[in-house]
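Sequential numbering of the sequence shown, starting at 2, is according to the numbering used here.
Be careful, since some hints might not be right.
Restricting the straight-line Cα-Cα distance to at most 25 Å, the calculated cross-link-like pairs of lysine-lysine (PhoX-like) are [stated by the list, open to error]:
(1) K34 to K47
(2) K13 to K47
(3) K47 to K11
(4) K17 to K34
Each pair of labels, with its calculated beta carbon distance range [said to hold, decoys possible]:
(5) R22 to G52: 36 to 44 Å
(6) L59 to M23: 34 to 42 Å
(7) A37 to K11: 28 to 36 Å
(8) N49 to K17: 16 to 24 Å
(9) P56 to S25: 15 to 23 Å
(10) Y57 to R22: 29 to 37 Å
(11) T53 to L6: 35 to 43 Å
(12) A43 to E20: 18 to 26 Å
(13) L39 to A15: 14 to 22 Å
(14) N49 to K13: 31 to 39 Å
None of these hints come from the bench; they were simulated from the model.
This one's a predicted model, so the numbers in the text were calculated from it and none came from an experiment.
Beta carbons are placed, not taken as given, at the ideal position from N, Cα and C, and that holds for glycine.
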Amino acid sequence: MAESLVVQSKVKEAVKGLELRMDSTLPEALNEKIAAMLADAAARAKENGRGTLRPYDL
């Protein structure tokens with residue numbers, strides 16, 4: 002994966018707030034999931050003739 006889309010320290014903080022611990026590979030998995038969501042949203046926007054991603058594309 003190229004550049005990270007998530008901040009590891011913020012993910013760790015959020016997980017800690019849920020009273021859980023975080024595996025070291027969680028941020029990478031989360032990053033991959035977000036990248037896939039954005040790719041799907043981009044495809045939907047393009048299919049609808051738009052150049053702007055909107056929340057409902059997710």
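Could you work out which earlier hints the structure fails to respect and list their numbers in ascending sequence? Of the numbered hints given earlier, those the structure breaks are 2, 3, 6, 7, 8, 9, 11 and 12, listed in rising order.
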